[in-house]
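For reference, the chains in residue letters:
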Amino acid sequence: MKRHLGLLGLLVALIGASGCRFYGYPGGVAQTLMQIEAASEQAAQDLEQALAEIETLRQMARRDEALAPYVAQYESILHAHQRAVLEFEHWKEEVVNHPDDYRRANRTLGAITARHEALLQQYAEVAWAVARRVNPTLQAQAPVAVGPRFFFHVLPPQYIRLVNEQAISPLQVVRYLAAQLG
Amino acid sequence: MPRTIWTGLLLGLLLAGCRGMISSKPPVHPNLNMDFQEKFEAQELNPFFADRRAMRPPVPGTVPRGLLKEDTPFYFGKTADGAYVERIPVAVTPELVARGQERYNIYCAVCHGKAGDGQGIIMRGNYGYTPAPTFHDDRLRNVEDGYLFEVISNGVRNMPAYGHQIPVADRWAIVAYVRALQRSQYATATDVPEEVRAQLQGE
Chain V
1 MKRHLGLLGL LVALIGASGC RFYGYPGGVA QTLMQIEAAS EQAAQDLEQA
51 LAEIETLRQM ARRDEALAPY VAQYESILHA HQRAVLEFEH WKEEVVNHPD
101 DYRRANRTLG AITARHEALL QQYAEVAWAV ARRVNPTLQA QAPVAVGPRF
151 FFHVLPPQYI RLVNEQAISP LQVVRYLAAQ LG
Chain P
1 MPRTIWTGLL LGLLLAGCRG MISSKPPVHP NLNMDFQEKF EAQELNPFFA
51 DRRAMRPPVP GTVPRGLLKE DTPFYFGKTA DGAYVERIPV AVTPELVARG
101 QERYNIYCAV CHGKAGDGQG IIMRGNYGYT PAPTFHDDRL RNVEDGYLFE
151 VISNGVRNMP AYGHQIPVAD RWAIVAYVRA LQRSQYATAT DVPEEVRAQL
201 QGE
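As they're listed, the protein sequences go chains V and P.
Just so we're aligned, residue 1 is where the first sequence starts under full-length UniProt numbering, counting upward by one.
Just so we're aligned, residue 1 is where the second sequence starts under full-length UniProt numbering, counting upward by one.
Check the hints yourself; a few may be wrong.
Said to hold, decoys possible - Here are the simulated distance ranges between beta carbons:
no.: 1; chain 1: V; residue 1: Gly-28; chain 2: P; residue 2: Asp-137; range: 53 to 59 Å
no.: 2; chain 1: V; residue 1: Ile-15; chain 2: P; residue 2: Leu-32; range: 15 to 21 Å
no.: 3; chain 1: P; residue 1: Ala-91; chain 2: V; residue 2: Glu-125; range: 24 to 30 Å
no.: 4; chain 1: P; residue 1: Asn-33; chain 2: V; residue 2: Ile-15; range: 18 to 24 Å
no.: 5; chain 1: P; residue 1: Phe-49; chain 2: V; residue 2: Gly-16; range: 42 to 48 Å
no.: 6; chain 1: P; residue 1: Met-34; chain 2: V; residue 2: Ala-44; range: 46 to 52 Å
no.: 7; chain 1: P; residue 1: Asp-81; chain 2: V; residue 2: Ala-72; range: 53 to 59 Å
no.: 8; chain 1: P; residue 1: Phe-40; chain 2: V; residue 2: Val-163; range: 33 to 39 Å
no.: 9; chain 1: P; residue 1: His-136; chain 2: V; residue 2: Gln-31; range: 48 to 54 Å
no.: 10; chain 1: V; residue 1: Ala-167; chain 2: P; residue 2: Pro-131; range: 42 to 48 Å
Stated by the list, open to error - Stretch-level coverage of chain P by chain V, calculated; a stretch enters the list once three of its residues show a Cβ under 8 Å from a Cβ in chain V:
no.: 11; region: 2-8
no.: 12; region: 64-74
no.: 13; region: 164-178
To be clear, the hints were calculated from the coordinates, so they are not data collected in a lab.
We treat Cβ as the ideally placed atom computed from N, Cα and C, and that holds for glycine.
Isolated chain V, as found in the complex (with noise of 0.2 Å):
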């Protein structure tokens, strides 16, 4: 029977071996760390532009009462911003610490982009609803969602990208409002 268990191990650790996939490379996670700053340094960036927006924001909101729920929303996205900011030095001090940890980096980097992402979207759809009441045409440059998959075979997905690529970016939809309302 101890035989057997021994056995039974060396299966485990056999299999076990052969599973395993470096998906990493020497110096990998320089370079993946160069690509993480740059991420968060972008981050940064958009929260000084999003703090100039919500300043145009409140603005609108002064002579237009009924944007005053939009300034609400949009300054709870600010406050995740911010805190997202503070995070992501963490999670880039935490790499800076781990070197040789290829995993913990590629996670790193994900975890920024994908969260940054998140939140450009939250501001977009606050941004585009106070242009929906504020100016109903501007409506026309927002940017468009994929269509069904059927339709594919009519417009396909890439020139919905390209004309998503020449939209207004999220974080300037509002000045760009108040630049046309004068």
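Assemble chain P onto chain V, guided by the hints.
Just chain P now, with coordinates in the frame of chain V:
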């Protein structure tokens, strides 16, 4: 004795995991429980029907939700009374022409050639195909955009239709690129923007 059994089992498992084996037979998958499921996916074999296809073609005349194709210039290249549209009904941007170039080089250039002169690789190999016409003769330069779209969609004489494999928007992109190709062969110095002309003369 049990030791031999265990070693045999171990060896068998290890061998089953070998991917370097070259065999003309389907590879051994010890557990086939969910490899071939009892449902049909697209392009699979279905023994139930005479043609043994899982994909059943729709009845002619059915209209899918969201594909009414009311916009006849866009979908068919024709106006409501059946005449070919003169101009491409979508906005022609550099991105559209670039996409058209990419699609043209994939689907069209095999016969029509990358320069549009009908000298694609299929035409140069003496394979017995009907020669593809050049796009640079007066007939095709003066034809309506809608006609080119129609030829891509439904084919013409010896050319088969491509509508079933090229999306509608891509067909217009290809038309835009063919127009650009035609323009390229009849370009004069005045077609070149001022600043680029100065650059060209400088070289």
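message: Please check whether the region 164-178 of chain P has three or more residues whose CB lies within less than 8 Å of a CB on chain V.
response: This one holds; 4 residues, not fewer than the three required, reach chain V with a Cβ under 8 Å.
Is it true that the C-beta distance of Asn-33(P) to Ile-15(V) lies inside 18 to 24 Å, as the hint says? Given a distance of about 19 Å, which is inside 18 to 24 Å, the answer is holds.
Holds or violated: 48 to 54 Å for the Cβ distance of His-136(P) and Gln-31(V)? 49 Å, holds
- Item | Cβ separation of Ala-167(V) and Pro-131(P), checked against the hinted range 42 to 48 Å | Since the Cβ atoms of Ala-167(V) and Pro-131(P) sit about 46 Å apart, the hinted range of 42 to 48 Å holds.
Given that the region 64-74 of chain P was listed as covered by chain V, double-check it with a C-beta distance under 8 Å for 3 or more residues.
holds (count 3)
query: Does the Cβ-Cβ separation between Ile-15(V) and Leu-32(P) fall within 15 to 21 Å?
result: 20 Å, holds
- prompt: Do the Cβ positions of Gly-28(V) and Asp-137(P) conform to the proposed distance bound of 53 to 59 Å?
  reply: Roughly 57 Å apart at Cβ, these two residues keep to the hinted range, so it holds.
Query raised in the report: Taking the CB of Phe-49(P) and the CB of Gly-16(V), does the distance hold inside 42 to 48 Å?
Result: Hint holds: Cβ distance 47 Å, inside 42 to 48 Å.
If you check the beta carbons of Ala-91(P) and Glu-125(V), does the distance land in 24 to 30 Å?
28 Å, holds
**Range hint compliance [Cβ, Phe-40(P) to Val-163(V), 33 to 39 Å]** = 36 Å, holds
### Query
Do Asp-81(P) and Ala-72(V) keep their Cβ atoms within the hinted range of 53 to 59 Å?
56 Å, holds
Within the region 2-8 of chain P, is the number of residues with a Cβ closer than 8 Å to a Cβ of chain V three or more?
holds (count 4)
Violated hints for the displayed structure: none, as all numbered hints are satisfied.
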